[in-house]
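Peer 1: Sequence:
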Amino acid sequence: MEELGDSSLSKSRALYVPLLRAALEDDWEAAEAFIQKNPNCLGAPITEEKGTALHNAAAAKRTRFVKELVERMTPEQLAVKTKGNCTALYFAAQSEIVTIAKVMVKKNKNLPLIPKDHIRSLPLYVAIKTGNKDMVSYLYSVTPLQDLASLDHINLLNTTISTGLYDTAHKILDILKPAPEEKEYLWLSLQMLAKKPSEIGSKSRPSVWERCLYSC
213 MEELGDSSLS
223 KSRALYVPLL
233 RAALEDDWEA
243 AEAFIQKNPN
253 CLGAPITEEK
263 GTALHNAAAA
273 KRTRFVKELV
283 ERMTPEQLAV
293 KTKGNCTALY
303 FAAQSEIVTI
313 AKVMVKKNKN
323 LPLIPKDHIR
333 SLPLYVAIKT
343 GNKDMVSYLY
353 SVTPLQDLAS
363 LDHINLLNTT
373 ISTGLYDTAH
383 KILDILKPAP
393 EEKEYLWLSL
403 QMLAKKPSEI
413 GSKSRPSVWE
423 RCLYSC
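Residue numbering for the sequence shown follows our numbering, starting at 213 and increasing by one per position.
Ranges between beta-carbon positions, derived for each pair: (1) SER362 <-> GLN248: 45 to 51 Å; (2) GLN248 <-> ASP379: 41 to 47 Å; (3) LEU400 <-> ASP239: 43 to 49 Å; (4) SER349 <-> ALA406: 25 to 31 Å; (5) LYS389 <-> ASP238: 41 to 47 Å; (6) ARG276 <-> LEU400: 39 to 45 Å; (7) ASP329 <-> SER362: 17 to 23 Å; (8) LYS249 <-> LEU363: 45 to 51 Å; (9) TRP399 <-> THR342: 23 to 29 Å; (10) SER353 <-> LYS273: 19 to 25 Å; (11) GLY255 <-> LYS321: 15 to 21 Å; (12) LYS273 <-> LYS407: 30 to 36 Å.
Below, computed lysine-lysine pairings styled on DSS-like, alpha-carbon distance capped at 27 Å: (13) LYS319 <-> LYS249; (14) LYS279 <-> LYS314; (15) LYS383 <-> LYS321; (16) LYS293 <-> LYS321; (17) LYS314 <-> LYS293.
Rather than coming from a laboratory, the hints here were simulated on the basis of the structure.
Built from N, CA and C at the ideal position, the CB exists for glycine as well.
With the sequences and hints as input, model every part of the structure.
Peer 2: In structure tokens, the structure reads:
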């Protein structure tokens, strides 16, 4: 989508105030009537942060509203980013409502791999930071981690350790194959684990600590 200047953005926001209000108030009937008269509004920025109606509905946890919007949007419109470089799926990951995330990914399967910024902060990453196990489990299942670099895996691993999601940490360790020069980053993982109560392992399943140590 073409970038809007400050003047154009202000006009866009003024025009689409009713849609923003409908999204925040979960008033789909009002939104539907507005969309019928203004079909170009679906992917348009309607807030100062250049968030669309979908961004705001997801952030407000409006499940039905999101479903109706996504049904009418194109896959490309779902990938629109805010000024902070967040897609609507990023907001869904923060919302902790898995249904909202599922609806979006069903329409655009590339969303889980669209990062927020230059450090490749994926929706899965923010879900892990939030600590919601159901959202993490879902986004992990739809994020093709094999397409990511080892450093991305290590970043995700460290975040799971920080939030205590050790089951997910084990899954990441299953696929982690760091290059020799990248193994030093795993020492951060060990340092983080050293500050936490030991994650209990067993004879059949080594602890995250042991597996990180073996990978270094």
